[in-house]
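Kindly produce the complete structure, drawing on both the sequences and the hints.
From first to last, the protein sequence lines are chains A and B. Residue 24 in our numbering sits at position 24 of the first sequence, with consecutive numbering throughout. Residue 4 in our numbering sits at position 4 of the second sequence, with consecutive numbering throughout.
Derived by calculation from the structure, the hints in this document are not laboratory data. There's no promise every hint is true.
To be verified - The calculated lysine-lysine pairs, modelled on DSSO-like cross-linking and capped at a C-alpha distance of 27 Å, are:
| hint | chain 1 | residue 1 | chain 2 | residue 2 |
| --- | --- | --- | --- | --- |
| 1 | A | K310 | A | K235 |
| 2 | B | K64 | A | K310 |
| 3 | B | K64 | A | K235 |
| 4 | A | K310 | B | K35 |
Because the structure is a prediction, the values reported are computed rather than measured.
One letter stands for each residue in the lines below.
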Amino acid sequence: MGSEREPTNWPYTRLAYILVILVWIAYVLLTFFSPQQANPRFNLNGSIVSILRLSFMVPLLAIWLIALGGVITFKNYARLIRGSTEARAIDLIANGLLWTIAYLLLASLLGATIQYLTSSPYLPTAQTIRNHLPMLASFIGFWLIYAGSHRLRRMASFSTWTWFPMIVFILYTAFAAAFTYAFISSPATTNGNGITIYGQPREVILFTLVLPFLFAWFAGIFASINVAKYARHTKGVIYRQVFRDLVRGILVAVAFGILVQILTLGSRFITQLNLPGLLAVVYALLVLYGLGFWFIRRGARRLTQIEVIK
Amino acid sequence: MTSSLYDQVVSITEEYLGPTAQRFIARQVTYHFQKSPHELAPEDLPRLVEWMRVTLALLTDNRKVINECANRLLELATADSKLR
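This is the structure we're talking about:
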């Protein structure tokens with residue numbers, strides 16, 4: 001008997017939106033009432049830093065909500081096709097994208113919170129949590145996206161390792177080596193006990209933070225390659241057209257998500273970038289990241305249309 | 001055999017709708033003909049094709065592809081009637 005499929009909403013939709021809004025409110029309040037803080041590195045006083053951050057608050061909420069809306073539409077599509085061969089792959093990718101959004105929320109919230117602990121004995125612990133929790137979200141996210149893309153690869157029976165991915169692999173390996181070297185050789189600011197501003201010795205940070213991020217970005221890049229190849233190799237000329245928006249969205253969201261993380265990690269641990277310029281670049285990348293999720297939403301809606309149209 | 005006809009219809013449609021083809025055809029048959037997809041008969045094909053033209057037009061504006069799909073499905077009805 002044919003199946004009648006009606007759209008079903010992800011049961012945590014409302015909770016997710018509430019959570020994002022609450023995190024945003026907390027972020028705004030924590031930033032507005034920050035006890036800080038001049039930023040001696042960039043020669044800015046505390047109020048200017050707060051004003052700069054506050055000016056991005058409303059667009060930031062818009063980006064978070066657009067991203068969440070895109071993923072939820074994608075999750076709903078995965079629920080709609082539950083039981084089909086591609087459902088699990090789609091759901092894994094959607095869950096991975098959710099975790100990349102969690103990275104943004106955690107990075108923002110924890111970054112705003114730590115300013116209240118600069119004189120606290122718990123600062124090293126707080127710095128450790130601030131550094132590692134967002135990394136964990138990113139790691140889980142990109143590896144889930146990769147796991148989903150790997151299932152799609154098996155479905156469409158193609159090989160990831162053709163000439164272009166090999167070139168990407170070589171370039172990425174070179175980048176990872178350069179990034180690692182730059183981290184190792186960058187000047188570290190320590191307190192009197194030899195603990196870096198990162199809350200832990202540099203060697204520990206290398207293995208618990210930098211390398212996991214590099215592995216996460218690797219997973220994200222090759223997940224994007226698999227998804228793009230699936231869109232070319234899968235059957236169905238109309239399906240491929242409809243799937244294209246989704247692919248575009250996933251590629252953009254993953255690419256700019258990775259760039260935001262590289263910039264954030266690099267600026268905190270490696271370079272001495274100018275703060276206003278850095279913030280402008282990060283937020284421009286976030287806008288493009290949000291655009292990716294807009295494409296994801298559009299693609300998921302069109303795929304949903306195939307499933308419900310009578 | 002009608003199950004064979006359904007499988008043939010799905011097989012052709014897969015070249016246009018990929019992994020969604022089976023679900024799509026099953027839904028079209030169930031909704032428009034009030035019968036199980038495997039009960040699809042050759043005489044149902046012209047109506048099915050007309051419905052598919054309408055629904056595919058909502059998914060793509062590539063008329064050439066829609067017509068190609070429709071013609072290939074209609075050929076199944078012709079081929080089946082020749083066999084009889």
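> In ascending order, which of the hints set out earlier in this document are inconsistent with the structure?
Replying inline: none
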